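These protein sequence lines map, in sequence, to chains A and B. Its first residue numbered 21, the first sequence is counted upward by one per residue in the working numbering. Its first residue numbered -5, the second sequence is counted upward by one per residue in the working numbering.
Simulated from the structure, these hints should not be mistaken for laboratory data. Note that this is a predicted model, so its numbers are computed, not measured. No residue lacks a Cβ here, since even glycine has one placed at the ideal position from N, Cα and C. Hints may contain errors.
Stated by the list, open to error - Pair ranges (Cβ atoms, derived): (1) L280(B) to G102(A): 51 to 59 Å; (2) P193(A) to L355(B): 41 to 49 Å; (3) H117(B) to A276(A): 36 to 44 Å.
Stated by the list, open to error - For the chain B half of the interface with chain A, some residues (derived, Cβ under 7 Å), not all of them: (4) S4; (5) F5; (6) S9; (7) E11; (8) N176; (9) F177; (10) T341.
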Amino acid sequence: MTATLESTSDTLTMAGALNRALADALGEDERVLVFGEDVGTLGGVFRVTDGLAARFGETRVFDTPLAESGIVGTAIGMAMNGLRPVVEMQFDAFAYPAFEQITSHLAKLRNRTRGAVELPIVIRIPYGGGIGGVEHHCDSSEVYYTHTAGLRVVTPASPADAYALLRQAIDSPDPVIFLEPKRRYWEKETVRLDHRSSTLDRAVVRRSGTDVTLISYGGALGITLEAAAAAAEEGYRAEVIDLRSLAPFDLDTVAASVRRTGRAVVVHEASRFCGYGAEVAAQLSETCFHYLEAPVLRVGGFDIPYPAPNLEKHHLPNVDRVLDAIERLQWDDAAPLTNTEA
Amino acid sequence: MTTTERTAASFFLPSEEPLGLINADGAPVAEPALEMPADDVLLRLHRAMVSGRRFDAQATALTKQGRLAVYPSARGQEAGEIGSILALRPQDWLFPTYRDSMAVVARGVDPVEVLTLLRGDWHCGYDPYRANVAPQCTPLATNTLHAVGFAHAAKTKGEDTVALVLLGDGATSEGDTHEALNFAAVWQSPVVFLVQNNGYAISVPLSKQTAAPSLAHKGVGYGMPSVLVDGNDAAAVHAVVEQAVARAAAGGGPTLIEALTYRVESHTNADDASRYRDRAEVEAWLTRDPIARLERYLTDRGLLDDAAREEISARAETEATSLRERMNTDTVLDPADLFRHVYAEPTAALRRQAEDLTAELSLGAEE
């Protein structure tokens, strides 16, 4: 962690905050490289790498051939030879050709070599829906990565967090899957540019409450906060936790909240079956059973391939579904939502 | 990043016939396209191949004694394994596969450490940075990309390092090989790709693997100089790899080499090669043995006599005995190792799981 002498801040979008984090990292450490498809001259399809190639040169920021396994595989070799690559997978589902390199090598080389090989690599993946994207552009692919030991998986939900988390991810000695909720790229916020004090693996309470704990992350955090505000009007004081880090999972922060509220809902965009919410619900039932007034509920997408853009609004969790879950939790025989049973 | 200028395809084409220096009968090839390595290099190649074959036989025996879970023999491929390794400079890196234990040993890694993977104690038994050898790669072709990335980083940092990556004929069908050849050619990375075409990917023969005239021909499509070499001729393999390393080090970019050879044994000790190939085919290849031909050549030239052969053989035997003795001890593994080296620091969840296992084990000890 680098000490910063004076604090600066700026009003930035999430895409702008990520761009600033990359620029600051490139400027501070010459081992950092940024590469991928269209990240050079174009500045990335979401402009997250805008201007970096011009500023840092083609040796530091460059376009690769169109090949995701090639991008991750060569990043592994570069990291073995002392560099710190930050690579971009253009969209969530485009990362699947790199899956073997990620699961078989990126996640395991430290372990295979008893710690001799360290791979400080960040794989940035714009993920999730809500932007009217066509197929293969909207997947919530987080659990493929969280299920793989050796990877860290993080996802920011705000511009400030995007800056801080990406700086920490680049500093991390472990490989980090950095999931960027693309529906939040254009949200603006004042970002403290020295904000690197929070740790990479901690959840944060975004709204305090006493009646129910809403647990969310990334793209779904927005509607979760909206739902908490709407619930307040109906008399329910909902606490909202932003997980930020999906692997490792900050059980302590979540369990402390649930032990106070006795009720929990996990909200995410991904399909519910074997989704991230299933893990959260399982860990809460194992550690908070005697504090729970009702079963842990999940609000997520349906168990379907990500739908066509004109139908996605029916698939994605919305405020009403979260409110409905909160309502159900208030009954003694709280029942699960009906949209899911596999 | 430099982009290759457009060059005539013929520049990248391999020869019609494999390049060679020493024929199967030990006679020098007439009008060779390569320069014969110096006598002392040939003698080192011979000695290392004899040691390599003895190591391979010892490892095979260790599977029969239950000391190794599995062993993929490289018998018959000594020229490819040793010829290439002895052409590397100390600062160069090797990216081997699971069949290349012989090459890793020739690179200077302790044979016991090389066999740690196959004994089942840990996934890689050696520190890659000690002898510049990446972990032996089990998934096919994934190591090709690691080699390109490593070499690219070396070039970026201005280091004089070349990466040699070993792969087999089956691996050339994998997407990663395509991506690695393409990246390396576009980036002009200092990499040498050595395909040891040993005829079979487990049971699938080359004719069902590719329709290309040769695997070396694949280099043309990427804009990469390509070489077809007699993979049972250690002198020729050494010469082409040395040339490719020198070109890469001088900024000339990558080379694809196909070494035409044969896997004399089954895929591993668990495989039964008689189900998919004739004994006659194996026997025909045994007449092209890489050690016998170099031995004959060196003897004919007066560089090797009976006394020297006996000394070399005795030394290989001593090495094998030492390996056998060291492998015949039961290793003691620490269960807590399960949780080490997953992350730089164990996560809270891993610490809890480690405590659970410790409690379980101490409970078991009380019973």
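Hints, one by one, checked against the model:
| no. | hint | verdict |
| --- | --- | --- |
| 1 | L280(B) to G102(A): 51 to 59 Å | 45 Å, violated |
| 2 | P193(A) to L355(B): 41 to 49 Å | 29 Å, violated |
| 3 | H117(B) to A276(A): 36 to 44 Å | 38 Å, holds |
| 4 | S4 | 24 Å, violated |
| 5 | F5 | 21 Å, violated |
| 6 | S9 | 28 Å, violated |
| 7 | E11 | 33 Å, violated |
| 8 | N176 | 5 Å, holds |
| 9 | F177 | 5 Å, holds |
| 10 | T341 | 4 Å, holds |
Going through the hint list in order, the structure does not satisfy hints 1, 2, 4, 5, 6 and 7.
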